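Novice: Spelled out from the first residue to the last, the chains are:
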Amino acid sequence: MKRYVIATGTVTYAIKGRDILRKNGFAVKIERITGDKTLGCGYVLIISEKVSEAEKILKNNGVKILKITEEQ
Amino acid sequence: MIYLDNAATNGHKPQSVINAVNFALLNLSANPGRSGHKASTMAADLVYKTRQKTADFFGAEGAEQVVFTQNCTQSLNFVIKGVLKKGDHAVVSSLEHNAVMRPLVKTGINYSVARVYENDNDTVKAFEDKIKVNTKLVIMTAASNVTGQILPFLEVARICQKRGVLFCLDAAQGAGILPINMQGMCIDYLCAAPHKSLYAPMGLGILICRKPIESTIIEGGTGTSSLEFLQPNTLPEMLESGTINVPAIAGLSAGIDFVEKQGVENIYKKEIRLLKMLYEGLSGCENIILYTKPPFMHKYAPILPFNVKGMKSEEAAAYFDKNGIALRAGLHCAPTAHKMLGTTDSGTLRASFSVFNTENEVLRAINAAKKL
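As they're listed, the protein sequences go chains A and B.
Using the numbering used here, the letters of the first sequence map in sequence onto residues 1 to 72.
Using the numbering used here, the letters of the second sequence map in sequence onto residues 73 to 444.
Worth double-checking, as some hints may not be accurate.
[As the list claims (entries may be wrong)] Only pairs whose alpha carbons sit at most 30 Å apart, straight line, appear in this in silico BS3-like list of lysine-lysine: (1) K365/B to K59/A; (2) K333/B to K23/A; (3) K121/B to K50/A; (4) K29/A to K67/A; (5) K29/A to K365/B; (6) K208/B to K153/B; (7) K59/A to K333/B; (8) K208/B to K64/A; (9) K333/B to K64/A; (10) K208/B to K157/B; (11) K59/A to K121/B; (12) K59/A to K125/B; (13) K153/B to K23/A; (14) K202/B to K365/B; (15) K157/B to K64/A; (16) K56/A to K157/B.
[Claimed, not checked] Pairwise CB distance ranges (calculated): (17) S184/B to K29/A: 34 to 40 Å; (18) R22/A to A102/B: 21 to 27 Å; (19) K23/A to F95/B: 53 to 59 Å.
Hints in this document: simulated from the structure, not taken from any laboratory.
On a predicted model such as this, the values are computed, not experimentally measured, just so you know.
Don't be surprised by glycine CBs; every beta carbon is placed ideally from N, CA and C.
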């Protein structure tokens, strides 16, 4: 199953992003990844659909995004 | 013990705060934002929710603006040393605490002192007159920790906004008693001591930044960008190097709930009623010296300075202590305020209230004063 990994850089923005996406109807969870040390705190948001819409919502709400990757 | 030293730190915590701290110690003793396990994530969630609750309480835009420090003094240091640079000018009031004056002097930045008057219009004009072309920051206490006088911070903040000057409010004596809305009141930085009128434990300070802090004075691990030796510049983590005080943050969350349930206005009304009662009782004692005008709503925080004729403030405080009444004596870390009162040599006694104080306690304090 496809999933999108949204790195926010800090745990504060990760939780803020999670709460905002949930309010907007997204199924979202927070994970901590260890492979990429450039991804700030390593806390990322995981969603499985509508990544462009999620990105727009997050940016409109002031959530800083470091990187978005797609995983299968 | 009748505790009338709540301006130093609140002497009575609500049971809900004690329960929240206890819960955090038992269940959330994990480092938020550092580890990925469940306990760490639960702690991070609590911290985030408390940031959001604090932002909402003070009318800030978002949780990421809320920094948890060790105390209000550290919050003020972060602002003063992180915002002001060589060539800048700052303005402070004549009633500031050493938590403002000492870091300001340490920076070596030029600053002006705006005198605080009984009449708010005169105070506002004094601030306006001190703002120069290179004034970058105005720092102002919401209420004097010595006289209790509430300063016209709303008016001064609006002038700062019009003139492109940053405004920092030291709300050590105002948060939880006075309505404060950062967005509505044009407050750029808010520093608060939640262990006072927000009923949280000691060891926690609040700094809310609606504008950036340009440089840090403490660097270290933030749980972010760990490959970099340069301090990250993203709030709140850039100002939270090292492990934060999760149990106290849990207590703050419960403390804000407590204050909101009681109502800021209701708490203030009750404490001012007690202040008036004490003022009137002491004004009938021949041996008591009062320094302020009779207190009234929206002009005074629930703080009263006084002295006993012929006694040093520390001696008088010891007398009250023997009679089971806790007051603070001395200069209260605010020498310029005492200079204005003419009490630099003697200091003063200071009585200050919380929502848990009662009329009976005030009567007992007045009776103790009468027996001196």
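Novice: Taking the hints in turn, state whether each one holds.
Specialist: Status of the hints after comparison with the structure:
1. K365/B to K59/A: Between K365/B and K59/A the Cα gap is close to 52 Å, so the pair fails against 30 Å, i.e. violated.
2. K333/B to K23/A: OK: K333/B and K23/A at ~26 Å, within 30 Å.
3. K121/B to K50/A: holds (26 Å)
4. K29/A to K67/A: holds (16 Å)
5. K29/A to K365/B: violated (58 Å)
6. K208/B to K153/B: holds (12 Å)
7. K59/A to K333/B: violated (34 Å)
8. K208/B to K64/A: Distance ~28 Å between K208/B and K64/A Cα, so the pair holds.
9. K333/B to K64/A: Violated. K333/B to K64/A sits at ~34 Å, over the 30 Å cutoff.
10. K208/B to K157/B: holds (9 Å)
11. K59/A to K121/B: Judged against 30 Å, a Cα distance of about 20 Å means the pair holds.
12. K59/A to K125/B: Holds. K59/A to K125/B sits at ~22 Å (cutoff 30 Å).
13. K153/B to K23/A: violated (38 Å)
14. K202/B to K365/B: The given pair, whose Cα atoms are some 27 Å apart, holds under the 30 Å limit.
15. K157/B to K64/A: holds (27 Å)
16. K56/A to K157/B: Cα-Cα ~36 Å, so violated.
17. S184/B to K29/A: 34 to 40 Å: With a Cβ separation near 53 Å, S184/B and K29/A fall outside 34 to 40 Å, so the hint is violated.
18. R22/A to A102/B: 21 to 27 Å: holds (23 Å)
19. K23/A to F95/B: 53 to 59 Å: violated (26 Å)
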